[in-house]
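Chemist: Sequence order for the protein chains is A and E.
With the numbering used here, the residue at position 408 of the first sequence is 408, and numbering never jumps.
With the numbering used here, the residue at position 303 of the second sequence is 303, and numbering never jumps.
Everything labelled a hint here was simulated from the structure, so no lab data went into it.
Among these hints, one or two may not hold up.
To be verified - Cross-link-like lysine to aspartate or glutamate pairs, in silico, EDC-like; alpha carbons within 16 Å at most:
1) A:Lys254 / E:Glu42
2) E:Lys40 / A:Asp58
3) A:Lys221 / E:Glu43
4) A:Lys121 / A:Asp198
5) A:Lys141 / E:Glu43
6) E:Lys322 / E:Glu273
7) A:Lys141 / E:Glu228
8) E:Lys40 / A:Glu92
9) A:Lys254 / E:Glu43
10) A:Lys221 / E:Glu228
11) E:Lys40 / A:Asp91
12) A:Lys336 / E:Glu28
13) A:Lys254 / E:Glu228
14) E:Lys40 / E:Asp119
15) A:Lys336 / E:Asp181
16) E:Lys40 / A:Glu89
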Amino acid sequence: MAELTDLVRIAVDAARSREQVEAYADETRETEVSALRGEVEGMKFSQGRGLGVRVIRDGRLGYAWAADPTPEEALDTVRRARENAALGEPDEFNGLPEAAPFTPIPGLFHEASAALSTDDKVRRALDLEAAAISSDPRVGKVDLAQVGDAVSRMAIASTLGVEAEYARTDAWVVVVTLAVEGDETQTGYSFRIARGLDLLDHHAIAKEAVERAVRMIGATKPQTAKLPVILDPFAASEFLGVVGGALSADAVLKGRSLFAGRVGEPVGSEAFTLVDDGTLQDGPATCPVDGEGVPSGRTDLFTGGVLGGFLHSTYTARRTGGSQRSTGNAKRGGFKSAPGVGTSNFFVQPGERSLDELYAMADGGVLIDDLAGVHSGANAISGEFSVGATGLRIRDGAPAEPLREMTIASTLPDMLRGVLAVGNDLRFFMGVGTPSILIGEMTLAGV
Amino acid sequence: MLDRDLVADVLAAARRRGGDLAEVFVEERSSTSIRLDDGKVEELTTGLDRGAGVRVVEGTSYGYAFSNRLDRDSLLEAAAAASAALRQGAARSVVDLVRVHGEGRNRAERPAGAVPAADKVAWLREVDEHARAVSGEVTQVTGIYGDSLQRRLIATSDGRWIEEDRPRIRMVAQVVAKRGDVIQTGWHGPAACAGVEFLDVHAPGETGRIAASRAVTMLGSIPAPAGEMAVVVANGCGGVLFHEAVGHPLEADAVDKEASVYRGLVGTKCASELINGVDDATIPNGWGSYDFDDEGEPSARTVLFTDGILQGFLQDRMRAAKMGVATTGNARRESYAYPPIPRMTNTNILPGTTDPADVIASTERGVYVSGLAGGQVNPATGDFVFGVSEGFLIEKGEITTPVRGANLIGRAIEVMSSVDAVGSDFETWEGVCGKDGQGAPVGSGSPTLRIARMTVGGTGG
């Protein structure tokens, strides 16, 4: 099997004159084990790799990919990308980035984690389920108890001299518990990621999932009202994911961002500072270079509520013009897609306030711990936001009775301006990190 | 795609530690996608995917491994990895593999793979032109064309050898319209398991026009009301509601894990007597149709509700065996990289007898939902949401002002029990459903129907 660096070199060397060629290859070895009723429910081993090629000629762009190609198939992939480019429209801003030095990120590949045995992962999965169903009599079963990890490598090269390669390890533990009392069932979800399974405390994860299920028992549908809302980090991360889409320069250039033309203006509350940083030590989405080989960087998006700029790839930077450079945010969903603009470690700076202080500020309001239907109910173009929610009433400075079957609604601009405070409990979910966020007023719809 | 002796050897290797069933799933998929944005072809991509997955099942436990390579060594390695998930048992034999032929429901009259890419680009230009012709308020048009041909081989240790090709085609239009400070979006994306003859019926220009009309209509909208009220769901849209609220909790894996609100309710009334619902993978050229499911079982039309009485669940082999029923042929997987799980195919509420105009005319006050943006359900609690992309107020039996920012929320059994009118019309909608990290093309369909009371999650009065 050819090394990834050989594979991308074969493709780049096939470039013809007046042609820019970029080749990206990745390979992932993944293991996932789930446990149910004290047994291994499923064990999945994945080993995939592939090549993606961009060809730019006369400003025309084409892309082609192939799963695990032989050297001949790699050459065929270049040929197909070239054919596709011939049908593209000339765009003066199409172009690959120049080579730039980058700094390897220590700890991205965690040796000890990569060496964990399958038996070890099976033990962790079984132990996770056992922990989840043994701490509260109402939680006797799980919907899901799963551990997984992956070792991946990427290589990228281009005719402009880009040459980068790195390896990483990732691991995750996810559990969904079922709490039952009488006829009622409630679910509780918890999820953590790290560089390796050995760095994750699956007992703590099980405990959190149990608490989140049990506290929902007896939930009722609330009265429709306008009131203060605290989004806990689970819920806030979903909200932030929507904001992230509108901060891509691609969305801005295509008239699909509510933040277009607002750089330098206050668009959020002073309490709201938002950063994208692909170099963050131990960040889940940390990487030395982005999907086109540009070194990762840090971009201040909102500082004290003021919009500082957008996330760029080489293409969007060129099209924006002026002094704009790529921010190292060209992201790919693996070798099957050409790079687009995306977030890396995208997070809200935590504040000083404890959760108790936030509760005290939101008396009579609700703590939201889960959102549903965000992909369909939140629109980063029009700014509308109406999603399903579950949570707890805040009473006398603490979370009280559980609530279900309600929606919370507002607009993204009103929500960003309405942030009264952020907590000190920053937590990452994949690449999105956030503390609890207190929003002064949203419409809660129920009865 | 693969030699029969080699496949038999791989199955034997997969059963070296026993197991009720071993299966090999081999796939080759070629795909084209073209994106037209701002009137320009932004990206033209072609892909070639190939791989084989080996699964070994024992009870409701399984081991799964896949390889991108189809040579003997790689496949035997995957078989060894999958079988390692099982506790040590006695090796079991493999029955002689016999080809089973399907009905060929998803025939492409004019295969997309034989059509020059330049023609596909021309269709996208039609999307763009017709969308912009709707109104000067249209500011952005994105057209996305996609086609693929998936060639599958499934072989099982109980002797089944199945080969089936699935051609897919889809045209999507996304439109942004602007009036003053108000920005709205519109979407339309018809799809089928078919060749390019599909576009004779769903002309690209019409797809652009529908998406643009939706965006422009919504420019005149007011914020949706908040609270409980009557909701009339237009024909086509109710299928998605049925898919989310009811279909997912009826998938046998949720039932088996005791994570479904419908567990134990087969034979009981848990929807309005007006509800007759089916999951039907046998509709010719349907977006969710096939001859055989992804573990090689024949596809079926499965009745879910008869006059509101629950008839059964959507099964795969391992859950059906455990429950002591026949599989319904609903095992699906996104690709060779995933084990199959119980999924919906084309999920429909069947038409009733009421004139749809009468359903609206007899509604004093409520919301009319005629466009949707998808939904989500918690199968264990039955709580679901359903995003509204195009909605209107109903006032005194008439559809009036468009409303934006609405989301519907309810509980599956309560909402389906409060359906009090089902129209005689019928329309379908095609989407991609996500579950356990796997995407599956699904169809859904419904007549116009009314839910007497459910929560609308807007911000207005």
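Chemist: Next step is simple, just say for each hint if it's right about the structure.
Modeler: Cross-check of the supplied hints:
1. A:Lys254 / E:Glu42: 12 Å, holds
2. E:Lys40 / A:Asp58: 15 Å, holds
3. A:Lys221 / E:Glu43: 47 Å, violated
4. A:Lys121 / A:Asp198: 10 Å, holds
5. A:Lys141 / E:Glu43: 47 Å, violated
6. E:Lys322 / E:Glu273: Not satisfied, since the Cα-Cα distance of roughly 30 Å exceeds 16 Å.
7. A:Lys141 / E:Glu228: 34 Å, violated
8. E:Lys40 / A:Glu92: 12 Å, holds
9. A:Lys254 / E:Glu43: 15 Å, holds
10. A:Lys221 / E:Glu228: Status holds; Cα separation ~11 Å.
11. E:Lys40 / A:Asp91: Within the cut-off at roughly 9 Å; holds.
12. A:Lys336 / E:Glu28: 15 Å, holds
13. A:Lys254 / E:Glu228: This hinted pair is violated, its Cα atoms lying about 38 Å apart.
14. E:Lys40 / E:Asp119: 15 Å, holds
15. A:Lys336 / E:Asp181: Roughly 37 Å between the alpha carbons, so the hint for Lys336 (chain A) and Asp181 (chain E) is violated.
16. E:Lys40 / A:Glu89: Holds - the C-alpha atoms of Glu89 (chain A) and Lys40 (chain E) are around 6 Å apart, at most 16 Å.
Hints 3, 5, 6, 7, 13, 15 from the earlier list are contradicted by this structure; the remaining hints agree with it.
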